[in-house]
Amino acid sequence: MYKLWASIKKEFLLLTRDLGGLTILFVMPLVLVITITLIQDSSFKSISKSKIPVLMVDNDKGKISSTIFEELKEQALFDIIIKDTEEEARDLVFKGTYQLAIIIPENLSTDLEKKINQNVEGVLAEFGLEDEENPSENNEISIKEVRLYFDPAIQQSFKTSIKSGIDKMISEIEAKSIYKAFQEQLSDDETEVSFNSEKFISFKEITPKLNDDEVLPNSAQHNVPAWTLFAIFFIIVPLSINMVKEKSQGTFVRLRTNPVSYATVLGGKTAVFLLVCLIQFVLMVLVGIYLFPSIGLPTLDVSGKLFLAFIVALFSGFAAVGLGLLLGTVANSQEQAAPFGATFVVVLAALGGVWVPVFMMPNFMQIVSNLSPMNWGLNAFYNVFLRNAGISQIVPDLILLFLFFLITTLISIVYNNKKNAV
Amino acid sequence: MLQIQQLSKKYKGADKVSVSNLDLKIEEGEIFGVLGPNGAGKTTLISMLCSLIKPTSGSFKINGLNYSENKNELKQLIGIVPQEYALYPSLTAFQNLSYFGSMYGLNGKQLKEIILHYLEKFGLLEFSNKKIEVFSGGMKRRVNLIASILHQPKILFLDEPTVGVDVQSKNVIISHLQGLNKQGTTIVYTSHHLNEAEHFCTRVAIIDHGKIIIKGKPKELVANHKNAHNLEDVFIELTGKELRDHV
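Line by line, the protein sequences are chains W and A.
Each residue of the first sequence is one higher than the one before, starting from 1 at the first, in this note's numbering.
Each residue of the second sequence is one higher than the one before, starting from 1 at the first, in this note's numbering.
Just so you know, these hints were derived from the structure itself, not from any lab.
Where a beta carbon is used, it is the ideal one built from N, C-alpha and C, also for glycine.
There could be a bad hint or two in this list.
Unchecked claim - Computed list of chain A residues with no C-beta within reach of chain W, every gap over 12 Å:
id, residue
1, D15
2, N72
3, K75
4, G108
5, K121
6, L125
7, H192
8, I236
What the hints assert, rightly or not - The list that follows gives simulated cross-link-like pairs (lysine-lysine, BS3-like), each with its CA atoms no further than 25 Å apart:
id, chain 1, residue 1, chain 2, residue 2
9, W, K245, W, K418
10, W, K144, W, K163
11, A, K130, W, K9
12, A, K54, W, K419
13, W, K247, A, K226
14, W, K419, A, K131
15, W, K163, W, K73
16, A, K109, W, K247
17, A, K154, W, K245
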């Protein structure tokens with residue numbers, strides 16, 4: 001036991017002697033979580049507050065194009081800039097000067113009106129209600145195409161949301177026109193309301209409740225757990241470098257001749273680096289609670305969640321330390337340990353769903369993501385922070401994280417004993 | 001104290017054996033020098049005796065014990081002074097010694113007293129709270145030695161303990177090793193400094209290509225070679241003058 005205590009003390013001294021390294025270890029994750037949250041939060045705000053300049057070419061110059069123009073303006077999302085030709089708008093978008101151009105085709109208003117009238121008259125005729133005074137021409141009307149040009153550099157998700165927004169808006173205009181056509185056909189008095197064109201179906205998001213209070217997730221609730229986990233797992237880089245340094249300095253050779261087990265040596269490292277993980281977690285939470293509001297970010301809500309979140313951080317720390325011990329045992333040089341460790345953490349984070357949610361991944365990657373300890377940790381953190389889960393719901397993930405620590409540590413010990421067997 | 005029987009080591013992928021069927025017996029209280037040109041197998045031999053590498057064949061016993069049966073007991077008996085400075089550069093001399101002493105089960109006041117005793121003996125007491133990284137080569141060598149003798153080993157293995165140090169440090173190291181030997185510690189030592197070995201060792205073995213080519217008391221070896229005036233002459237006569245670079 002005294003050897004373990006001496007090992008812990010030595011590791012602590014080694015860590016605190018490198019103040020620069022220690023600062024980086026604690027400060028960089030904070031910089032990371034603040035930056036990511038600021039970006040995500042401000043991008044959300046920019047969509048709702050600042051306007052995206054959009055080019056519009058109005059070849060229609062009718063009611064529909066002016067309705068589209070007005071509706072786009074009303075959404076307060078776009079700043080509409082009118083251009084004369086499609087070519088001009090296309091060139092500006094493809095050069096990246098603007099991100100989006102909407103081209104309204106010629107005769108959209110008149111052709112839509114004709115088409116709707118034809119359809120409405122057809123329906124009414126089946127009921128014997130055709131308008132004998134003003135029958136519509138029964139000409140074939142070609143399908144109209146609203147053309148969209150996107151800057152090739154913009155993300156697919158942004159494109160999809162813009163497309164679905166415009167599609168929805170045009171569908172609504174079309175529906176209103178149909179109602180209007182029926183109104184005109186069925187009533188001589190234009191002021192009489194036969195149809196209520198207000199939306200019948202609406203949507204309401206129901207969020208989890210805590211003590212009857214609705215819990216609305218914000219960017220802090222998402223980002224702090226995710227990037228805390230990322231920081232916790234990044235511990236594998238300094239930990240593995242610490243172990244490789246011992247090999248290159250010759251101190252590991254001395255330790256191998258000493259009457260001390262490899263498990264004791266690893267025990268010292270586990271205790272100290274686990275402490276680092278927990279300090280990282282506490283700092284991240286403090287930043288989320290106290291710094292975020294002062295820089296305009298949403299506050300991290302930890303009410304009733306702190307203890308469970310701490311438990312998740314502890315077990316995630318175990319998993320991260322286990323991985324670091326294994327890497328440090330297997331690696332022979334810092335050149336092996338550092339790049340591999342850093343890249344591997346990014347891979348684990350990607351698999352774990354830190355950037356792209358697991359449910360959005362292809363089926364095969366969803367299966368693979370189940371093997372990432374960061375997936376278990378993130379799931380447990382989200383259960384605590386976003387789903388208001390109790391201890392029983394996070395226990396399976398905690399067990400997986402601890403098993404991961406036990407297995408990686410055991411492999412490290414077996415590998416070391418086999419490699420250095422005498 | 002040390003009995004080696006038919007000990008051999010061939011590294012994976014190597015063309016030749018590094019140590020070949022080596023037999024040797026070292027008695028308690030001896031200062032035994034293992035001498036040889038570069039690549040002769042000295043460090044490989046010491047590494048096997050210190051449980052750092054596994055022999056390909058053969059066996060050895062230290063104080064009647066072997067690693068497969070009495071690993072921790074044996075490790076408690078031996079001390080090793082590696083060729084490189086096996087110390088943590090960012091820790092102080094005292095912290096390094098305190099940690100390595102703890103690994104031998106020493107602790108508390110007893111450990112502190114032993115450390116301070118040796119630091120004083122080796123002229124390092126005033127630097128005890130300085131980091132190893134600011135120490136000179138000679139100072140590091142002395143701390144490296146202290147770290148290996150804190151637990152009063154029965155047998156001490158030294159792999160070129162005076163390489164790269166000034167004359168003063170060398171004299172301090174040699175003098176304290178002799179003192180340690182007088183207190184009952186058997187010393188097995190490798191070196192390229194033949195003059196140093198001639199005066200320091202009670203017995204030496206010259207090995208080349210993994211085999212002992214001669215062993216005995218330094219004076220007797222010199223006397224038995226007509227043209228030799230010292231151990232270096234004997235060494236050159238037996239191992240030749242050609243360079244022994246190896247990778």
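Hint by hint, here is what the structure shows:
no.: 1; hint: D15; result: holds, 23 Å
no.: 2; hint: N72; result: violated, 4 Å
no.: 3; hint: K75; result: violated, 4 Å
no.: 4; hint: G108; result: violated, 9 Å
no.: 5; hint: K121; result: holds, 20 Å
no.: 6; hint: L125; result: holds, 20 Å
no.: 7; hint: H192; result: holds, 19 Å
no.: 8; hint: I236; result: holds, 31 Å
no.: 9; hint: K245/W - K418/W; result: holds, 21 Å
no.: 10; hint: K144/W - K163/W; result: holds, 16 Å
no.: 11; hint: K130/A - K9/W; result: holds, 18 Å
no.: 12; hint: K54/A - K419/W; result: holds, 10 Å
no.: 13; hint: K247/W - K226/A; result: violated, 47 Å
no.: 14; hint: K419/W - K131/A; result: violated, 32 Å
no.: 15; hint: K163/W - K73/W; result: holds, 16 Å
no.: 16; hint: K109/A - K247/W; result: violated, 30 Å
no.: 17; hint: K154/A - K245/W; result: violated, 30 Å
Violated hints, listed in ascending order, are 2, 3, 4, 13, 14, 16, 17; each of the other numbered hints is respected by the structure.
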